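Residue numbers (the numbering used here), protein chains in the order written: chain G, 1 to 338; chain E, 1 to 338; chain P, 1 to 338; chain H, 1 to 338.
Hints listed in this document are in silico derivations from the structure and should not be mistaken for laboratory results. Computed from a prediction, not measured in an experiment: that's the story for all the values here. Hints should not be assumed to be uniformly reliable.
If chains are identical, the list can't say which one is meant, so a pair holds when it fits in one copy or spans any two.
Said to hold, decoys possible - Below 30 angstroms or equal to it, Euclidean Cα-Cα: the simulated DSS-like pairs (lysine-lysine) are:
(1) K94 to K305
(2) K94 to K36
(3) K94 to K261
(4) K68 to K261
(5) K68 to K94
The primary structure of each chain is shown beneath.
There are 4 protein chains.
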Amino acid sequence: MIVEMRTGASQDAIDAVVDRARSLGLDIQLNQGTDKTVVALLGSNTGQLPTDTFAVLPEVESVTRIMKPYKLASREFRETDSIVSIDDIEIGGKRVVVMAGPCAVESQEQLMEAARAVQGAGASILRGGAFKPRTSPFSFQGLEAEGLELLAAARENLGMPVITEVVDPGDVDLVAASADILQVGSRNMQNFALLTNAGRSRRPVVLKRGFSCTITEWLTAADYLLAGGNNQVILCERGIRTFEDSTRFSLDIGAIPVVKKYSHLPVIVDPSHAAGHYSLVPAIARAAVAAGADGLLIEVHPNPKEALVDGLQSLTPSDFSRLMTELRAIAESIGRYI
Amino acid sequence: MIVEMRTGASQDAIDAVVDRARSLGLDIQLNQGTDKTVVALLGSNTGQLPTDTFAVLPEVESVTRIMKPYKLASREFRETDSIVSIDDIEIGGKRVVVMAGPCAVESQEQLMEAARAVQGAGASILRGGAFKPRTSPFSFQGLEAEGLELLAAARENLGMPVITEVVDPGDVDLVAASADILQVGSRNMQNFALLTNAGRSRRPVVLKRGFSCTITEWLTAADYLLAGGNNQVILCERGIRTFEDSTRFSLDIGAIPVVKKYSHLPVIVDPSHAAGHYSLVPAIARAAVAAGADGLLIEVHPNPKEALVDGLQSLTPSDFSRLMTELRAIAESIGRYI
Amino acid sequence: MIVEMRTGASQDAIDAVVDRARSLGLDIQLNQGTDKTVVALLGSNTGQLPTDTFAVLPEVESVTRIMKPYKLASREFRETDSIVSIDDIEIGGKRVVVMAGPCAVESQEQLMEAARAVQGAGASILRGGAFKPRTSPFSFQGLEAEGLELLAAARENLGMPVITEVVDPGDVDLVAASADILQVGSRNMQNFALLTNAGRSRRPVVLKRGFSCTITEWLTAADYLLAGGNNQVILCERGIRTFEDSTRFSLDIGAIPVVKKYSHLPVIVDPSHAAGHYSLVPAIARAAVAAGADGLLIEVHPNPKEALVDGLQSLTPSDFSRLMTELRAIAESIGRYI
Amino acid sequence: MIVEMRTGASQDAIDAVVDRARSLGLDIQLNQGTDKTVVALLGSNTGQLPTDTFAVLPEVESVTRIMKPYKLASREFRETDSIVSIDDIEIGGKRVVVMAGPCAVESQEQLMEAARAVQGAGASILRGGAFKPRTSPFSFQGLEAEGLELLAAARENLGMPVITEVVDPGDVDLVAASADILQVGSRNMQNFALLTNAGRSRRPVVLKRGFSCTITEWLTAADYLLAGGNNQVILCERGIRTFEDSTRFSLDIGAIPVVKKYSHLPVIVDPSHAAGHYSLVPAIARAAVAAGADGLLIEVHPNPKEALVDGLQSLTPSDFSRLMTELRAIAESIGRYI
């Protein structure tokens, strides 16, 4: 942590910074330049220390954090890539894992039709929402417990692991009983009560990036899961909110190499929520694979025109099948496979 | 809702839109221009209908919503300003209500010292956090139940209503037992499980704006509370996330007149979280009152240098007292009082 | 254009809208719903009509534009893809055209070394800045006229077309005399004096997207060039400004399919300015090709450590050569070539 | 400048950083922590040194700038507030200076009617655009030279100084001949050719903030003007681009105290462009005065319904007159006057 004093700061003010740092067990290096005095604070826990500790002291101009605020999710904590295994499917290895299915589970027929289609086209994990976080109280909220049962039945029937979202901290155990992977949605990335409970679960967790959270905040949220003892964490980039309105969100393609650089966790991409329109999904999905994503989470609906939720961004089974062919070629061109 | 067909759309595609609209009980007005066909769909519930219903149909270029997606929070639903009463304090009337106190309750001494100071300077409601939503699992998480007890004791002792945050849907009743006002934090504005439970509570709720949510989404979140039967809803603007980094968030001052235009709910401002630095709080607080805010939520700490949370943005009691004098003058200049 | 009247709007107010529209020669379709009256205005020029024309009238709630504000750049104006030719290089066809070279021309040695390296690795066009738009007046501003001469010499020497930036409207002819392609930088996308002059030039223009401009504004800026008679316009996505700070800008990968959907113009990607760090450039470049970009603009410096401008985001010749191998494989996997 | 080495950086890499710093005449302080080595570089010119100089060196993790990149605009360069005088009007003193008039000069009648109205209501400077930077080539571009003549005539007639925008670097002298204050618009804040020419002019310059530029970039742009020898620089906050779409831009009210803290330059506010709708202008204008703005730039049109540009955000003379009464009361409540 670097504390910059105001120009012409008094010796008393400088001493106060040094004293506070010493009381916290930090090493100090004092740099008295011609214009400015700068105090460098060194120690292994400065990443977790709030900058305010020093910023509130008199005649301090600014405090800059050098160490990242996350710890367990960092590459410095674990150098080699983490791999999360669901049955025999490894996420974070050479395979690019495709999870696909409808945004919301609507009925047994709809779910099974979608599941068979995505499995046939090469997806390895079935997605489907039972609890839906909807922005309006007047919208369809999901089939809830009944949806979980339909997912469990589909898994049984097709031998395909399922991923579904959990929105209430009190529902973690219930959802974990039916699903192979828990999904924490974008709007809940900083729902710390939910993260704490999901961190205690034995199920792998897909942690979607908050649509206005930085990568640093995202990895710090992953620390909540990891600190709870759950090390099966998969990150999912799904687009961030920007001023651009021709897509629903702006997929942050740069997040893929950035996560790979700073973290050991696998990272997948949801092109559907970013695009917001089915016609834009394939290009973003192809880009994600080329950029190095470890998997994709794609919305597929047997009949998008009749979908209760997010039909516009859902691919039809035949569009999905065509996309899978394209993705396989790209994966191979970079030495991976689907 | 306005459905714009692609240039040269076929009659079949146009008919499909019309049929779908009719099946939903909507009135239709067909506009066949030289270049484009546009279908206007009319009916009182189009605000709650997803645009995807029509956007997924073939040869549709775009669908534009005319009605707002929120309903109960709108001025059209209720023309006159709503007033929320806590004891004899009215929020939304002529008085500008100041809520102040420490970010986190740390101890009885700290809370009581802050409470006496803010009451002495003219604040009418005491704020203090017992449950703290912290971005890192390694940060101080609040005194929790013990913090609630300290708040209840302060209320008893000073005859001052208290506001505190609730973060877990399962804690709503617990917090409501100790607090006069429930606060839903920015990171939880779209935590629909929490909103649903807070909507069932009899306590007034301060709904902070999500730091990356539009005003439309904010009012739609308010609809969750209102739809649950709780009509004591107070909105709180606390800054939005932008590219600017010299303040912690960018206070959206325009949100005040916008909310007043489209909604009947009272709106207050939290200048502390937006500013991020005590030296910037007074100017933003003054601006909020001048813009027409119905109240302020300000962090005051008896000793910011020792604060466990957000010390840098906390005012000292004497700074707060000076600010209150300024705010009173501004309130009077626009025909209000504090 | 859709004009929505306020709930309970008077007949006089509705008539005023209708009269104004008629006076502008527009067709009108009046939709009087139970709650709201909506007036649809039809005609081929409504895209170029300001919405204010109607929004200022009494009792108007909102005005929504259906037609896009750009015209010449739209797919509706020209259905087939435009191809821009520089010598025998076609941009917008099956080939993915790579333009590479140093951010700034620093000396003959530096330019020639970079030029030979990028040509050897397969780049077809040489980039290099002579006039540099620098955010600080104390930074290196480019070699200016001397830089143009060095570029012209490199072109002569290696038979490689060159692209360079023009920043002053008065310099368009000067730059066009030395360069094969004029580049309009991100900060100048809405410098309309510059666009007007570049529109009169006979040289192809690469129009970089303003880092905070929407795709709609970008295509409208392209209209300035096209309206001036210059139809050799190439768009370049180079990252937009968002709250994320781990990359210099956030590359908007979704812009590629969006531009392809709404415009006939070719679109290339500059991964260097978006990434801001050489280690992140390859992943973004690969993603751009997979998403369908028609070309890339990449910074390569023979010795990034000694670069006067943007060294951190420049690839070394050997990194560039490795990247070109990867890009070739991806281009082939989607049926294109480099 | 603080250079942080990667964990486990080699001695060679550390030496390379130290050698480079010494070659630039910087003082070095080496901090070898248990986990990380951090090198502090000290010297009075580090603010103007690109961080890339060190960031490109091997095994460097990050480089953090401590000194601000701007110099002449900083409070450290000049401690006391700068005051810009136009005739006997001082901007930056106790008076809050109101500049008002039409967005675009349309005719003599329109301009004179507006000018008389704003002068009558207490505005001291007349605004009016002769050259209009329009996003579409098909929109009205201003009366240009004829508009300048009308402005000069109005000044003569009413004894009121005028402010108008200059958009082409080649037009600076022409505009300076007719106008008392040159305005550099938001889209030109980083048009360095224009800034350089305006910096050579003897006229005061209002520098509008780029709608996606940070305050640091804004003050660095002011350095261009100041470095050219023109020290009559007035900053103007006019709203930044965010995700919020209920206002045209989001006025960054926090920018007022931030500019006052870091710079000696006066700062005014344009509430009209931020609001985008006349009904929202008064609240934002009041907030600006309360926050400490030194002036306002407001659009007033005798007949907004007939305005050729930005009618929706223009106040009528009677609305403006009412607002002036409110603003006077607020100015007085904070010890200033209009």
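Okay, the hints, checked on the actual structure:
Proximity of K94 to K305 under the C-alpha cut-off of 30 angstroms is found in neither arrangement, the shortest distances being 36 angstroms within a copy and 34 angstroms between copies. For the identical chains of this complex, K94 and K36 are neighbours neither inside a copy (51 angstroms) nor across copies (32 angstroms), given an alpha-carbon limit of 30 angstroms. In this homomeric assembly, K94 and K261 come within 30 angstroms of each other (Cα to Cα) only inside a single copy, at 17 angstroms, whereas the closest approach across copies is 33 angstroms. In the homo-oligomer, the alpha carbons of K68 and K261 lie at most 30 angstroms apart both inside one protomer (13 angstroms) and across protomers (28 angstroms), since each shortest distance falls under that limit.
In the homo-oligomer, the alpha carbons of K68 and K94 lie at most 30 angstroms apart inside one protomer (28 angstroms), although the nearest pairing across protomers, at 44 angstroms, exceeds that limit.
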